[in-house]
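When you get a sec, could you build the whole thing from the sequences and use the hints?
As they're listed, the protein sequences go chains A and B.
Just so you know, we're using this note's numbering here: the first sequence kicks off at 1 and counts up by one.
Just so you know, we're using this note's numbering here: the second sequence kicks off at 381 and counts up by one.
Hints should not be assumed to be uniformly reliable.
Said to hold, decoys possible - In silico lysine-lysine, BS3-like type, Cα no more than 25 Å apart, as pairs:
no., chain 1, residue 1, chain 2, residue 2
1, A, K73, A, K185
2, A, K125, A, K185
3, B, K394, A, K73
4, A, K73, B, K800
5, B, K870, B, K800
6, B, K870, B, K797
7, A, K270, A, K125
8, A, K73, B, K797
9, B, K394, B, K870
Claimed, not checked - To spell it out: a stretch of chain B is covered by chain A in this simulated footprint if at least three of its residues, at any positions, have a beta carbon under 8 Å from a beta carbon of chain A; those stretches are:
no., segment
10, 695-708
11, 755-766
12, 779-790
What the hints assert, rightly or not - Chain A residues, not near chain B, derived (Cβ > 12 Å throughout):
no., residue
13, Y135
14, A150
15, T191
16, G226
17, S251
18, Q262
19, K270
20, T271
21, G300
22, G320
23, D324
24, W361
25, T365
26, Q376
What the hints contain is simulated information worked out from the structure, not anything from laboratory work.
On a predicted model such as this, the values are computed, not experimentally measured, just so you know.
Here a beta-carbon is modelled for each residue, glycine too, at the ideal position from N, C-alpha and C.
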Amino acid sequence: MKRENYFIVVLAVMAGVIAAVWGMFAIGDNMPRGVTEFSRQVYDLHMVILWICVVIGVLVFTAMFVSIALHRKSRGVEAAQFSHSTKAEVLWTIIPILILVAMAVPATKTLIKMEETGDAEMNIKITGYQWRWKYDYLEDDISFLSSLDAGSDAARQLQSGIEPVDVDNYLLEVDNPLVVPVGTKIRFLLTAGDVIHSWWVPALGWKRDTIPGSVNEAWTRIDEPGTYRGQCAELCGKDHGFMPIVVEAVSKEDYAAWINEQQQLAAVAKTDEERLWTLNELMSHGENVYATQCATCHQGDGQGLTPAFPALAGSQVATGPVADHIKVVLQGRNGTAMRGFSDMLSAQDIAAALTYTRNAWGNQTGDVVQPSTIAQLTNG
Amino acid sequence: MSTAHTHEHHEAPKGLGRWVFSTNHKDIGTLYLLFSLLMFIVGGAMAMVIRLELFQPGLQFVHPEFFNQMTTMHALVMIFGAVMPAFVGLANWMIPLMIGAPDMALPRMNNWSFWILPFAFAMLLSTLFMDGGGPAGGWTLYPPLSLQSGNSFAFVIFAIHLMGISSIMGAINVIATILNMRAPGMTLLRMPLFVWTWLITAFLLIAVMPVLAGAVTMLLTDRFFDTSFFNAAGGGDPVMFQHIFWFFGHPEVYIMILPAFGIVSEIIPAFARKPLFGYASMVYASASIAFLSFIVWAHHMFTVGMPLGGELFFMYATMVIAVPTGVKVFNWVSTMWRGAMTFETPMLFALGFVVLFTIGGFSGLMLAIVPADFQYHDTYFVVAHFHYVLVTGAVFAIMAGAYYWLPKWTGHMYNEKLGKFHFWWSAIWVNVLFFPQHYLGLAGMPRRIPDYSVQFADFNMISSIGGFAFGVGQLLFVYIVIKTIRGGEKAEARSWEGAKGLEWTVPSPAPHHTFDTPPELDDSQLAHGGGH
Ligand SMILES: [Cu+2]
Ligand SMILES: [Cu+2]
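And the structure:
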């Protein structure tokens, strides 16, 4: 074939390959740039490597498709019989090594920065549970659970009949978001209470596993106020898909106000813990606690889900001695999905849930468990 | 020649006994291949359940627990039931024919290593119907989650032990055959590349299957005998399991791709009518990939919180794998260059393999970059990556090999029109199935979730449509195979014009016994042109 014809085929094939790549970029989604310095560096790194891959891909696939277009038997060509070329083989070993070194340098720099968790201005402990998050603000003594919001929870039941599009932020909304100040270096201490989870908000640029028995560290400094959503990324059981994360980044002033409000609420709760509650009060609060904390496994009607999650209606534990029941709820049961709730729920919540399960669905024991009793046990 | 016969060589025995008691490498190869095809359909059916539930947001068909059982089982069945047995089946059929050996070195063990598998998988699949349900903690079986399984977990672990025993016996057989039974003149560096890649694979299997056995045994004792290997409350470490598992798991990835490299390296020269480019560098590249596979395991767990030094080491080591892998791709393209190509079905699947496996390689390189992996890890980007490597990589190569050697196995040519249709159908839909998953992962969709937020709806629907179409298309493959076994145009001994190698010197179908006397070897028989 004439030289210029050859050239035209190469150009045409390359144009085709580039058009295909362009099409993939045009249709697709990409990684978000995020709202932290680290997330932007990760994004840039991602794009650099992607483009290197694209260029190499275009060259290799062009060579291959040119060959497919021209070196075919139906065109009457005679097959060459060469079988190696030391020069070419050395070349295509060395060049990739150089490209890899060029990739490794920025990757290493970014990684080193990510691991510098020192000089943080505040610390938040994140604990993963099946299937909710607990946030402890270590300096301000604030602590709360964050679970899938009620709207999403209703819609996500099998054949619920509720259209996900009609639910705001379906599966990405929580009851209590993590509120943090912007422009502040925040160190996270991550751990878990039962199985491994992974805390991931794409806009922050990273995810980190929360592992029972060990504490991981990570940090962030968010530049812009806003609401950033994420999810648990490590398979953690049946409701792994239903433990979202919502971070609300607010100005430093708003954050101070929020802290104030939370501390007042905590003070109210403290006096609540010490007073005597009536059966009715405990039953109505207990119904709520049961619905959000216990019903996923033991079911709303207390019938459980065999075989992993036993029924509570008429069960040995819920109708037997109170002390044994309290012990199971506080400490959990080894080797089962039943975890201890002592470090997860407040004394009021635990007392109310206990009272509720001992009196609902025909359990009628008449027992009242007071928050103060639980508080004594957990603090003692 | 007939003087070499010291005993009667009856033809294949008849009836069920032929299969149950067989010690013949061809019959056992056939059993492996058919078993693998069956498991491919079973695992595929599970994938259909997954894609059906993910067709739109909300839960329409299955409970989350069952969904998790499906993802877990799909992986176990496809890896240990479909891909690995397919390669062992190909090894059984082709290695003796390629090196001029009369059979595998250890024929009775060969029988046993196959017949363990149906029992192992019957046991594994039966857990779906047990009280405790099937395994639902992911095929990686990470504790503490996997320790929450019901009592049926013991059956899962025993099944994995059996699969491991079967694999180790198969590997021993391959090594013994290749090292001891080559025809005179078939030196190591004249062996076909498929034989080379399997030799390396077999060593990987022997090295890592016991590691898996150890890991799952510790799970067993943690779950049932109160040990605390992985229980933090008892002084154990859940992350230790991940290190042990991936020390098995990463070589396992190459166990599933090295033989694919071998198959493609046989097919491309045959249909380009040109010697394989860079034979020696192919061998060395395979060996270095195998070596590297032992020192990169922690790239599967960059987010567990490793020290900086560890993260850097595993990042660099992983990036290095791109070099030998690149060499292979460049060599395949150079083999095509200035050849005289034709595009029968095996060649189409091999070319599809080169393009799509390379795309999977690129996303693998991206995943190696630790800071970026903090975003990619455990998302659909990873799901897309390993399906490009395993479906359009390993499975496409297996399909290519099946079409390439079907005439040798059955004595009939398959229907070329149907074969080509099967390729194009698969190649198009597999991309509709998996390419959008890259976007889903980048946009923030975690893997292993039964339901998702509405922003992911469009690409999930596209992916599911691709999945259904791709799945249906594989039934065509089953039809083509059955039809070819039953009849068709008579295949010649050398079924393909450009095919080289000893397997093409015996009649088609290959007689029950071949190479009772070692063949004479000359360089024109070698796919890589010899001369080394
Ligand atoms: Cu999770
Ligand atoms: Cu790997």
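Task: Hint check against the structure, violated hint numbers in rising order - done: 1, 3, 12 and 15
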